[in-house]
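Those protein sequences? They're chains G and P, same order as listed. Counting in this note's numbering, the first sequence runs from 1 upward without gaps. Counting in this note's numbering, the second sequence runs from 1 upward without gaps.
Check each hint, because a few of them may be wrong.
27 Å max Cα-Cα, derived BS3-like pairs, lysine-lysine [what the hints assert, rightly or not]:
1) G:Lys30 / G:Lys10
2) G:Lys10 / G:Lys63
3) G:Lys15 / G:Lys30
4) G:Lys15 / P:Lys145
5) P:Lys82 / G:Lys15
6) P:Lys82 / G:Lys10
7) G:Lys30 / P:Lys145
8) G:Lys24 / G:Lys63
9) G:Lys2 / G:Lys24
10) P:Lys73 / P:Lys96
11) G:Lys10 / P:Lys145
12) G:Lys10 / G:Lys24
13) G:Lys2 / P:Lys82
14) G:Lys63 / G:Lys30
15) G:Lys30 / P:Lys144
16) G:Lys63 / G:Lys2
17) G:Lys30 / G:Lys2
18) G:Lys2 / G:Lys15
19) G:Lys15 / P:Lys96
20) P:Lys96 / P:Lys144
21) P:Lys145 / P:Lys96
22) G:Lys15 / G:Lys63
Keep in mind the hints are simulated off the structure, nothing from the lab.
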Amino acid sequence: MKIQVFAVLKDHFDKEFELSEDIKDIASLKNYLSHQNAEADGILQISRFAVHNEFVNLDYAIKQNDTICIFPPSSGG
Amino acid sequence: MILSAYSPQAAEAEIPALSATPLDVVALLAQSHHPGAGAVVLFSGEVRNNNLGQDVDYLEYEAHEMMAANMIKEIINDAHAKWPLKIAVAQHRTGKVAIGETAVIVITSSAHRGEAYEANQYIIHRIKHEALIWKCEYFTDGSKKWGGNCSCCTPEQEA
């Protein structure tokens with residue numbers, strides 16, 4: 001799977017990276033990334049996730065070729 | 001303007017929700033007049049030179065462009081469903097925005113001012129909280145900070 005992160009998450013992860021680990025769903029991905037980078041845990045807990053330009057829930061079953069976008073809370077305006 | 005050919009809905013649809021170049025507030029206002037609207041409310045969110053006691057140099061906005069644009073269009077559609085608006089448009093900047101420049105603009109036109117004001121507040125509130133847009137503040141001391149919450153969430157911080 002490919003991961004794309006946005007905004008403040010780029011201070012903690014590469015903007016785009018690939019994971020070959022067997023991670024079954026978004027909840028597991030969140031836990032995995034939090035363990036990889038404990039400083040990002042707080043922001044990951046309140047982030048939203050999307051696949052193919054659609055928001056997905058924590059139980060979304062990740063497919064091998066998915067590109068998963070991770071969005072911190074919005075701060076436009 | 002030839003009234004018979006005038007289509008506010010078509011004009012709305014043609015306005016991109018995001019822009020990487022300075023927003024043309026006057027041109028957007030010019031497109032927001034409607035023969036049935038007695039009230040036009042224009043909100044311009046502009047870059048302030050200070051935040052939480054720090055001197056701001058400039059802001060930079062990042063967006064997930066496709067999703068953010070779709071979300072802004074949805075918010076506009078929701079506003080149309082809730083209020084009898086003649087016109088509702090919103091446009092948000094991406095990239096570097098200087099002090100005093102417009103970062104976001106929302107214009108609502110309706111028969112009377114009440115619904116135009118209410119719808120305008122509704123639209124800007126939802127854009128700030130929901131649209132996939134993020135600000136990064138660059139301060140004059142060289143530091144930077146990704147935007148946190150707005151004034152609705154942290155009282156000490158002005159929008």
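Here is what the structure says about each hint:
At roughly 15 Å between alpha-carbon atoms, G:Lys30 and G:Lys10 fall within 27 Å of each other, so this suggested pair holds. Restraint check: the Cα-Cα separation between G:Lys10 and G:Lys63 comes to about 23 Å, which is no more than 27 Å; the hinted pair holds. Note on G:Lys15 and G:Lys30: the hinted pairing holds, with a Cα-Cα distance of about 16 Å set against a maximum of 27 Å. A distance of roughly 17 Å separates the Cα atoms of G:Lys15 and P:Lys145; the hinted pair therefore holds under the 27 Å criterion.
Between P:Lys82 and G:Lys15 the CA atoms are separated by roughly 38 Å; this puts the pair beyond 27 Å, and the hint is violated. At most 27 Å may separate the alpha-carbon atoms for a hinted pair to count; P:Lys82 and G:Lys10 exceed this at roughly 37 Å. The straight-line distance between the Cα atoms of G:Lys30 and P:Lys145 is roughly 23 Å, inside the 27 Å bound, and the hint therefore holds. For the hint pairing G:Lys24 with G:Lys63, the CA-to-CA distance comes to about 8 Å; that is within 27 Å, so the pair holds.
About 14 Å separates the Cα atoms of G:Lys2 and G:Lys24, which keeps this hinted pair within 27 Å; it holds. About 23 Å separates the Cα atoms of P:Lys73 and P:Lys96, which keeps this hinted pair within 27 Å; it holds. Between G:Lys10 and P:Lys145, the direct Cα distance comes to roughly 12 Å. Compliance with the 27 Å bound is thereby established for this hinted pair. Proximity of G:Lys10 to G:Lys24 is assessed by CA-CA distance (about 23 Å); at most 27 Å being required, the pair is judged to hold.
Pair hint G:Lys2 plus P:Lys82 does not hold up; C-alpha atoms about 39 Å apart against a cutoff of 27 Å. At roughly 15 Å between alpha-carbon atoms, G:Lys63 and G:Lys30 fall within 27 Å of each other, so this suggested pair holds. Of the supplied pair hints, the one linking G:Lys30 and P:Lys144 holds, its CA atoms being roughly 26 Å apart against a limit of 27 Å. In summary, the hint linking G:Lys63 to G:Lys2 is supported, as the alpha carbons are separated by about 10 Å, within the 27 Å threshold.
The suggested pairing of G:Lys30 with G:Lys2 holds, with an alpha-carbon distance near 14 Å, which does not exceed 27 Å. Straight-line distance between C-alpha atoms of G:Lys2 and G:Lys15 comes to about 11 Å, which keeps the hinted pair within the 27 Å bound. Of the pairs offered as hints, the one joining G:Lys15 and P:Lys96 holds, with about 19 Å between alpha carbons and a cut-off of 27 Å not exceeded. Distance hint between P:Lys96 and P:Lys144 is fulfilled; the C-alpha atoms sit about 13 Å from each other, no more than 27 Å.
Pair hint P:Lys145 plus P:Lys96 holds up; C-alpha atoms about 14 Å apart against a cutoff of 27 Å. Our distance criterion of 27 Å between C-alpha atoms is met by G:Lys15 and G:Lys63, whose separation comes to about 20 Å.
Hint check: violations occur at hints 5, 6 and 13; the rest are consistent with the structure.
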